[in-house]
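S.K.: So you can see what is in the structure, the chains are spelled out below.
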Amino acid sequence: MSNDPEKLESFVDQLVRGQPLRRAPATLESRVLAQLALQQTAMPWWRRGFTHWPLGARVAFLIASYGFVRLAIAGVMSIIAFVGSREVAGTAITWVHSGATALSVTASACSLIARSIPPSWLYGTAVCGFALYALLFGLGTVAYRTLYVQR
Amino acid sequence: MHAYQDMVFSTAARLTGNDSQAEDIAQEVFLKAYENFDQLRSSPTAGGWLKTVATRLTLNHLSRYRRRWRFFSELRRDDSDDEPELEFATADLTPDSIIADIDAEQRHAIIEQALRELPEHHRVPLVLYHFEEMPYLDIAKQLQVSLPKVKTDIQRARAALAKILARHGMLRASVVGT
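Protein chains in written order, with this note's numbering: chain H, 1 to 151; chain U, 152 to 329.
Hints are computed from structural coordinates only; laboratory data are not their basis. Bear in mind that the values here come from a model prediction, so they are computed numbers and not experimental data. We put the beta carbon where it would ideally sit given N, CA and C, even for glycine. Some clues are possibly wrong.
To be verified - Only part of the chain H face toward chain U is listed, based on derived beta-carbon distances under 10 Å: (1) 8; (2) 12; (3) 15; (4) 19; (5) 21; (6) 22; (7) 23; (8) 28; (9) 29; (10) 31; (11) 32; (12) 36; (13) 39.
Model the full structure from these sequences, guided by the hints.
M.R.: In structure tokens, the structure reads:
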């Protein structure tokens, strides 16, 4: 016996060529229509597209958007003017300096604590953590196969 | 929707091998179509769009499902490349190999049943190639596997399909050596 790929391909082709479409279940159309109706009723107007909003809401939204844009521009301009003043710039530099000092002190303290822990403790903790992870993973797998797959 | 529902359902059903999942996918396809109703209403390519979306959603569904359960339930998957080849007396494998006294309707039902019985890693590439007429390269891209693997999987799928058809008594006994 031999396996001729071309013959097999043309055989399957012949089979498939005459195969009609599967008939969709009669419930499909009603399911789609019901889902569409549900979406239409369940969705409030503000979650639909802008073109589906009531006219009043659309006008109010445009006015509010214009107001926000004006407000944002004014806000940005006043922040730029405020930051540009010399006193504020001086205060900002002091804050940055204090922040950097605090960060450096914290890093030194952490490094001191890390150096005072014996390396064997660190290795032990890592091995212990890995073993617990593997154990939990194995238990999960066994439980799944026993309780779910074989059911 | 009437014009396309069988096509959309067939695509999903043949790829998933499961009618209930196919119905869910078909519903999702038509809901997406509704979202794009304005463009699709007058489009001559609406059918192609629906077919493409049906295929894509089904493959997404299958890959989500596969990813979710692969580690636990598919460790013993037999899709490795060292799977033994199935042997056929392909010299006799012609359309005439189909037993004549099976009527067309019965034959169609047996073929659909045989597709359902194929394992997913055989069924999906076979359906994409033979039913959806997708080229090998596109199938490889869609399934994110190599081109040679797609060709091997489809070849094995054809052989497995012929074997299932023989088991259902659709092929002459001389064709498939079991």
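S.K.: If a hint holds in the structure, say so; if it doesn't, say that too.
M.R.: Hints, verified against the model:
1. Given hint, residue 8 of chain H at the interface with chain U, holds; its Cβ is 5 Å from that chain's nearest Cβ, closer than 10 Å.
2. Annotation: interface hint on residue 12 of chain H holds; nearest CB of chain U at approximately 5 Å, less than 10 Å.
3. The interface hint given for residue 15 of chain H holds, since its Cβ lies 6 Å from the closest Cβ of chain U, which is under the 10 Å cut-off.
4. The closest approach between the C-beta of residue 19 of chain H and any C-beta of chain U is roughly 6 Å, which is under the 10 Å cut-off, so the hint is satisfied.
5. The closest approach between the C-beta of residue 21 of chain H and any C-beta of chain U is roughly 4 Å, which is under the 10 Å cut-off, so the hint is satisfied.
6. A cut of 10 Å between beta carbons decides the hint on residue 22 of chain H: the least distance to chain U is about 4 Å, and the hint holds.
7. Taken as an interface hint, residue 23 of chain H checks out: its beta carbon lies about 6 Å from the nearest beta carbon of chain U, inside 10 Å.
8. Given hint, residue 28 of chain H at the interface with chain U, holds; its Cβ is 6 Å from that chain's nearest Cβ, closer than 10 Å.
9. For residue 29 of chain H, the shortest C-beta to C-beta distance to chain U is roughly 6 Å, which falls under 10 Å, so the interface hint holds.
10. The closest approach between the C-beta of residue 31 of chain H and any C-beta of chain U is roughly 5 Å, which is under the 10 Å cut-off, so the hint is satisfied.
11. Interface restraint check: residue 32 of chain H against chain U, minimum CB-CB distance 5 Å, threshold 10 Å, status holds.
12. For residue 36 of chain H, the interface hint holds, the least distance from its beta-carbon to any beta-carbon of chain U being 6 Å, beneath 10 Å.
13. The interface hint given for residue 39 of chain H is met, as the beta carbon of that residue sits about 8 Å from the closest beta carbon of chain U, less than 10 Å.
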